[in-house]
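Asker: In case you want the letters, here they are:
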Amino acid sequence: MSGTTPTGEQEPAGAAAPVVDPRLLVRERGMAGYVEEFRRKIRGGELGAIPVVVGLIIIAVVFQSLTGTFLTPGNLSNITVYIAGPGLMAVGIVLVLLLGEIDLSVGSMAGLSAAIWAVLSVGQGVNDLLAIVLAIAAGAVVGTIHGFFFAKIGVPAFVVTLAGFLGWSGLQIWIMGSEGTINIPRDSLVRDFNNFYFSDIAAAYGLALVITLGYAAALWTGERRRAAAKLPNRQMVDLAVRIGLVAVAAFTVAYVLNQHRGLPLALVIFLAVLIAADFMVRRTSYGRQIFAVGGNAEAARRAGINVVRVRLTVFTIASSLAALGGLFWAAQAGGASKSLGSGNLLMNVIAAAVIGGTSLFGGRGWIWSALLGTLVIQSITTGLNLLGMASEIQYMITGAVLLIAVVVDSVSRRTQRTAGRT
Amino acid sequence: MTTAPLLALRGVSKRFGAVQALSDIDLEIHAGRVTALVGDNGAGKSTLVKTIAGVYTADAGTIEWKGRAHRIARPQDSQDLGIATVYQDLALCDNLDVVANLYLGRETRSLGVLDEVAMEARCRELLDSLSIRIPSVRIPVASLSGGQRQVVAIARALIGEPEVVVLDEPTAALGVEQTAQVLDLVELLRRRGLAVVLISHNMADVRAVADEVAVLRLGRNNGIFPVAETSHEEIVAAITGAADNAVTRRSARTLTKDGAAPSTDAAADDDRNRTTEAGEETA
Ligand SMILES: Nc1ncnc2c1ncn2[C@@H]1O[C@H](COP(=O)(O)OP(=O)(O)OP(=O)(O)O)[C@@H](O)[C@H]1O
Ligand SMILES: [Mg+2]
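These protein sequence lines map, in sequence, to chains A and B.
Under our numbering, the first residue of the first sequence is numbered 1, with each subsequent residue one higher.
Under our numbering, the first residue of the second sequence is numbered 1, with each subsequent residue one higher.
Hints listed in this document are in silico derivations from the structure and should not be mistaken for laboratory results.
Heads up, the beta-carbon is just placed ideally off N, CA and C, and yes, glycines get one too.
Take these hints with a grain of salt, some might be off.
[Unchecked claim] Within a straight-line C-alpha distance of at most 16 Å, the following computed EDC-like cross-link-like pairs (lysine to aspartate or glutamate) qualify: (1) B:K66 with B:D80; (2) A:K230 with B:E125; (3) A:K230 with B:D128.
[Unchecked claim] Over the 10 Å line for every Cβ pair with chain B, so calculated as not near, a few chain A residues: (4) E36; (5) T67; (6) Y197; (7) K230; (8) L231; (9) I380.
[To be verified] Residues of chain A placed beyond 12 Å of chain B at every Cβ, according to the derived structure: (10) I59; (11) I145; (12) W174; (13) G177; (14) D187; (15) F198; (16) D200.
Construct the entire structure; sequences and hints are all you get.
Answerer: Written out as structure tokens, the structure is:
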């Protein structure tokens, strides 16, 4: 939506009553116009992804200069594997935050899911894939229970999921029974979540190409249709810059990954979920309904939206994603345990969603904040690990980053208010 | 009024805790006619509108659509019948842009995917016809002025091709030109054969477009007047309750004595009973 400021000449000539206000600041053509519009957006508090991207660059520069090994392909490749688990969980949190709610149980759910999978697959000898499906289904059931109490009964989501936070980790410990930990067997699919790489260099480059072409095609056809319908559309330069940025990012990542072990399966699954969720949120009625309920639930109800159903299903999706993320988390830990998913996982996941640019106040945000936010958190964690810092320092730094993100969210909300935007 | 009503309310009551917001309301809405609903602040106009729209469910009474009783339990039910409502509080989602608000709950889709281009084109067309200037249809409605928001809410009611359009104070925030546009629109809708319910505190507007005026006073019917044959003073009298006279007072008193007082909350009782019959007798 950004950058679609209509320019004067694109208005249908001779229309009886132009919809466009003549006072609207019209973007000049060419580079100067973009710079000017960019400035205006910053002042208006529409920061978009800029703070996170700048933050990531700062983090990379700082840790590289301190350790000298942060920007090695091996380290960067590992980061892309580590972010999958918390990232998948963060996608669910983004959806919940868009509703203007919170889910405090995702960490416990992740641990519970890993426990269910491990006990079924390793303990009971159930088929590995079936055990994975059952673990995710357990997530769906848990989310539906949360959604039922929140959406149907009207208990605040904060309280319902706080109860879940305790209750599900209790269930996790109970399920694990006498076993302290259950290690992942060699031939398990869950191990591949951490260990499998498409080592052929064609895989990473191919994926980068597919992503770039897909993005270009979607953008191009969209703008063509807008032009055909005589709606304001982006200029060619604009399209070229956007596609160029995506291409550079995709191929750089592919190049780095191929310097190490190739394309990790974890990253492929994470990206697939991100793209699917982004599509759902921005291109389907259901996604529109999520934003509407998060913005003004009563208005959504009056528009005929089934608010209860939207709320309930979002919690179902969030817990299912937490269950899936839990399996990745277990893969990294090497197995399921009684304490898997406790500690700072929950805070990191929520922090990631907010750091990435999804508002805590509901109705504002985007799915890609799950990727950007987890990248920030994981980069900090990895960097501090390289420096040999103890986990208490990591806690403090992550806490500070979360605070900064929330402050940015609150301030940008206030600036947008004064600049006339919500 | 020889034709059967499109929408009819029979004995509709609604109570909020200790407040009897509506008691025993009767109202008939006819296709091709504009019915103005007037009354003082707190008379129950918006409550009545929300009952029709399915935001509230009536405690008692029935709502008939084309002669058949229907239960309107949810806003969808009302929309499915063909009733479009512009609420006094507009009920817009501030975080969504104009196009998204206009199509909320009934997005245009192609192959299951939102068809933003079709929606935006239609949205611009509609806003053009309402001659309102909006900086862009792609900005969140939070950044629009009060009047612009109101026009967006009105435009939204027209998207779904309704048979009844209910407008709760649609011109309250509008300038001279936009008010005229909305009144023109009301007349256009009537000419197209739609039924319009218009709530307004502006008697001049009401007299300009309405065919009949239904007066609500303290949550009760206080008369239905054909605009052409009723003077301004008579309507104002019905609104304020000044139409009260000795005859109605006496009939009210006998009613109370018989124990047929319809309202149970004692405090407001006296005033309400007095005005019960006033309207009908004036009319
Ligand atoms: N949700 C509610 N809960 C409790 N009381 C309510 C509620 N909505 C309305 N009321 C009460 O019902 C009565 C009628 O209110 P309503 O909003 O229908 O008035 P109105 O005729 O639309 O007034 P106005 O001209 O000021 O818009 C008022 O006394 C009001 O306090
Ligand atoms: Mg009102």
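Asker: Would the hint linking K66 (chain B) and D80 (chain B) be met if the CA-CA limit is 16 Å?
Answerer: The given pair, whose Cα atoms are some 14 Å apart, holds under the 16 Å limit.
Asker: Does the claim that L231 (chain A) lies off the interface hold, with its Cβ farther than 10 Å from every Cβ of chain B?
Answerer: Check fails; 6 Å does not lie beyond 10 Å.
Asker: Take a quick look at G177 (chain A) and tell me if its Cβ sits farther than 12 Å from every Cβ on chain B, holds or violated.
Answerer: holds, 45 Å
Asker: For D187 (chain A), is the shortest beta carbon distance to chain B beyond 12 Å?
Answerer: The claim stands: D187 (chain A) keeps its Cβ more than 12 Å from every Cβ of chain B (closest is about 39 Å).
Asker: A cut-off of 10 Å on Cβ-Cβ distance, and E36 (chain A) was said to be off the interface with chain B. Does that hold?
Answerer: holds, 17 Å
Asker: Is the nearest CB of chain B more than 10 Å from the CB of K230 (chain A)?
Answerer: violated, 8 Å
Asker: Between K230 (chain A) and E125 (chain B), does the CA-CA distance stay at or below 16 Å?
Answerer: Given that 16 Å is the threshold and the Cα spacing comes to 11 Å, the pair holds.
Asker: Is the Cβ of F198 (chain A) more than 12 Å away from each Cβ in chain B?
Answerer: holds, 30 Å
Asker: For Y197 (chain A), which was marked as not at the interface, is the minimum beta-carbon distance to chain B over 10 Å?
Answerer: holds, 34 Å
Asker: Would the non-interface assignment of W174 (chain A) survive a Cβ cutoff of 12 Å against chain B?
Answerer: holds, 41 Å
Asker: Beyond 12 Å from chain B, beta-carbon-wise, is I59 (chain A)?
Answerer: holds, 30 Å
Asker: Far enough from chain B: is every CB of that chain over 12 Å from the CB of I145 (chain A)?
Answerer: holds, 25 Å
Hint check: violations occur at hints 7, 8; the rest are consistent with the structure.
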